[in-house]
Amino acid sequence: GQNIDQPTEMTATEGAIVQINCTYQTSGFNGLFWYQQHAGEAPTFLSYNVLDGLEEKGRFSSFLSRSKGYSYLLLKELQMKDSASYLCAVNSWSYKLIFGSGTRLLVRP
Amino acid sequence: GAGVSQSPRYKVAKRGQDVALRCDPISGHVSLFWYQQALGQGPEFLTYFQNEAQLDKSGLPSDRFFAERPEGSVSTLKIQRTQQEDSAVYLCASSLPRQETQYFGPGTRLLVL
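As you go down the protein sequences, you meet chains A and B in turn. The opening residue of the first sequence carries number 1 in our numbering; numbering runs sequentially from there. The opening residue of the second sequence carries number 1 in our numbering; numbering runs sequentially from there.
Hints in this document: simulated from the structure, not taken from any laboratory. Careful, some of the hints might be misleading.
[Said to hold, decoys possible] Label pairs and their calculated CB-CB ranges:
hint	chain 1	residue 1	chain 2	residue 2	range
1	B	T76	A	N30	24 to 30 Å
2	A	E55	B	Q50	24 to 30 Å
3	A	Y70	B	L96	25 to 31 Å
4	B	T76	A	S27	26 to 32 Å
5	B	Q99	A	D52	20 to 26 Å
6	B	E71	A	G53	37 to 43 Å
7	B	P61	A	G40	20 to 26 Å
Being a predicted model, the structure only gives us computed values, none of them experimental. Note that the Cβ used here is the ideal one computed from N, Cα and C, for glycine as well.
Start from the sequences, fold in the hints, and give me the full structure.
Dropping the structure here:
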């Protein structure tokens, strides 16, 4: 079966660092995506990992371990505008994205 | 540049009514996807087009759901005889050939009463 798990909700303080974990079990794997989704808006692309290791992009970093079926998204220097849902998605069979339920992040002053 | 656009943004339908949801992908994107997102959940795959060819419709929940992309650009998702369980946000995404990243539109929020 296909299964992607991520925490339902997280809370963090403005200026802090937060790590959102994602574990997956899928029948195919062609990379892992993180998307940000503000309420009522489109998911927007944050990162893509296909090889093991850390990808850094500004305040956001994403890590992948294929052998462990594990990824995390690291957000540094949190800002209020980072309050959103963060979606972990596995690309299986070259095109189909399988999403987790999303992690709602609340950033408090 | 212009992103993926969808219309209408909101649709209220009476149970049993037919609806049509439109997606305009990013220009040049040959791959087009439809997803269904229930409240508080991640998007779920419905169907996939490459140009005008529908290569995968395995995620369509029933034969009441039908999607087309006759000229390889704009796509329409049609739901016949809508039911309350069809209430969700319907997201469209597109991507370049041989590119993995999918770019999403804002979605159509469908409420069936």
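Subject >> Whether the CB-CB distance between Q99/B and D52/A falls inside 20 to 26 Å >> reply: Taking Cβ atoms as reference, Q99/B and D52/A lie about 21 Å apart, which means the hint holds.
Original post:
Does 26 to 32 Å hold as the CB distance between T76/B and S27/A, or does it fail?
Top reply: Holds: the Cβ-Cβ distance is about 30 Å, inside 26 to 32 Å.
Subject >> CB-CB spacing for N30/A and T76/B relative to the 24 to 30 Å hint >> reply: Between T76/B and N30/A, where Cβ atoms are some 28 Å apart, the hint holds.
Subject >> Outcome of range test on Cβ distance (E71/B, G53/A; 37 to 43 Å) >> reply: holds (42 Å)
Subject >> 25 to 31 Å as the expected CB spacing between L96/B and Y70/A, which holds or is violated >> reply: Holds, at about 29 Å.
Original post:
Falls inside 24 to 30 Å, the C-beta gap from E55/A to Q50/B?
Top reply: Since E55/A and Q50/B have Cβ atoms about 28 Å apart, the given range 24 to 30 Å holds.
Original post:
Does the Cβ-Cβ separation between P61/B and G40/A fall within 20 to 26 Å?
Top reply: holds (23 Å)
The structure shown violates none of the earlier numbered hints.
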